[in-house]
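Enquirer: Here is how the chains run, residue by residue.
2 protein chains.
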Amino acid sequence: MRDLKAWAEIVNRRLVEIPAVIPKGRYAIGEMPWLLSQSMRYSLSAGGKRLRPSMLLAAVELLGGDVEYALDYACAVEMIHTYSLIHDDLPGMDNDTLRRGRPTNHVVFGEGQAILAGDGLLNCAFETMLAAAVKKPERALDALLAIREIATGAGVTGMIAGQVMDLYCERNQSQDIRALEYIQRNKTACMFIYPLRAAARLCCADEKSLDALTRYGSAFGLLFQATDDLLDVTGDQENMGKTLGKDTESGKLTCVSAYGIEGTRALVKKLHSEAIEALNIFGEKAAFFAGLVNDMVNREK
Amino acid sequence: MRDLKAWAEIVNRRLVEIPAVIPKGRYAIGEMPWLLSQSMRYSLSAGGKRLRPSMLLAAVELLGGDVEYALDYACAVEMIHTYSLIHDDLPGMDNDTLRRGRPTNHVVFGEGQAILAGDGLLNCAFETMLAAAVKKPERALDALLAIREIATGAGVTGMIAGQVMDLYCERNQSQDIRALEYIQRNKTACMFIYPLRAAARLCCADEKSLDALTRYGSAFGLLFQATDDLLDVTGDQENMGKTLGKDTESGKLTCVSAYGIEGTRALVKKLHSEAIEALNIFGEKAAFFAGLVNDMVNREK
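Line by line, the protein sequences give chains A and B. The numbering used here puts the first residue of the first sequence at 1, with every later residue one more than the last. The numbering used here puts the first residue of the second sequence at 1001, with every later residue one more than the last.
To be clear, the hints were calculated from the coordinates, so they are not data collected in a lab. Be a bit skeptical, because a hint or two may be false.
[As the list claims (entries may be wrong)] Here are the computed lysine-lysine pairs in the BS3-like style, where the Cα-Cα straight-line distance is at most 30 Å:
hint, chain 1, residue 1, chain 2, residue 2
1, A, K135, B, K1136
2, B, K1136, A, K208
3, B, K1269, B, K1301
These numbers were taken from a predicted model, which means no experiment stands behind them.
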């Protein structure tokens, strides 16, 4: 069984191979400008943990599906995650200058180009999935269903909805706990839930598996955010590779501001149990996913 | 035969009906924040000519396809066009405050929300097409091919590539004519070419029709841009609903700066002939498309 690092390596190898992110000529029609490729790759290669695509691939393996076929979908998920970070860091949004230990995209390429790099990654995610999908015409419907799951997770009732509410609450110094729950589910959990659902679609999994992965993804995503909020207060800046303490300083609505440190630790425990419980139907085969939530409880970055 | 206004009305009616752009509750899980819907609709309803979606629908009719089924694809094309305008107008890009006669999105909703409204429209375009596609499982492959055409036109070797080159040339005061051709083909023409190709895919059209529509879309798009460049110099600001003379003032690379006013008029004539010639194989049935290029030559807005 592969661990997170092994899955991440598979994702990284494929990410640099995807034709759409390799430019060939400067003005050649049908080819990408060097600057666009550079700015997209800069953030794609900034060395994240590749959690979301790894989980998609591990779910495909868990369900007995074709990992090779799913690889481009996994890369698309990472592109979407990366675009959301680039846009989130922009001066008009969070105005962050450090991400994964490196200057943010707009610091290096300028604000306009960073907006376009983000747009490019979002669009390229769909281009990548569609290119993979048309190669297996006999599985066109599964592909449509899988791409749709990812579009939903990333979309206007998913991640983007969460971003909008997050920005609104920050601008208005809201401490509304219902808004917090909405933000954490949509902004963070959706991009775990829906890639897992996409894996189920690619494998033509039954409703029970789809439901179990949905519940696991939700608990995992919320757990990820809760531990992230804890680390912003208790973590080590060098380990995390980003500016810490910013949330508290800016009066941002987080698990810690809403429930306190002890309350957040209790929430972490509860979400951990929910995640483990959701895995029951898979038995031993789900060890990778059980390991992930166990590690999450003890994470330092 | 419907004219542009009649097609645009059909598009406008459907655009306000699309479930994904109608929010239902404030914090309801799986629903869109009111603010996101507002900001997306603000720009969607700013009253453009709906050229791109109308051309897609007219092409479906020309090819004997199902206009009703194609309608959501047409709306998706308009969403993509609208997102590109929102992002293009941002302070980090063109910094425009007036568009279609109204304050631009970021002037009304703030920069952060305008970025997210654009992201939302791009993602929602795919959500909308995918939702339409899964309703006709027996046509899943045609749907994949059609969505892929639109993704390609909007993407990192299409519209976004053109935007990147445009921004680069503006920042560097480039007057390179090869760059101009690259920008006008990618930034403008691609979002005419590929929606027409998507129409052909939805209708399972033969290669000859696909090729003719591609050539027409290319000539039309370049014609549209050339006349737009001319109008920036010779047009009437009230008619156009946007700030004119800006391109010349900022030393921007345009057809007029590259070829002069007379040279651009000659180009317009040449592109008009190419567009008409591409329509030959369709005969009388292509009257709508012939009318479009005839009108384009005499356009005032």
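Enquirer: Taking the hints in turn, state whether each one holds.
Expert: Checked hints:
Among the hinted pairs, K135 of chain A with K1136 of chain B is consistent with the structure: their alpha-carbon atoms are about 20 Å apart, no more than 30 Å. For the given pair, K1136 of chain B sits about 25 Å from K208 of chain A by alpha-carbon distance, which is consistent with the 30 Å threshold. With a CA separation close to 18 Å, the supplied pair K1269 of chain B and K1301 of chain B stays within the 30 Å bound.
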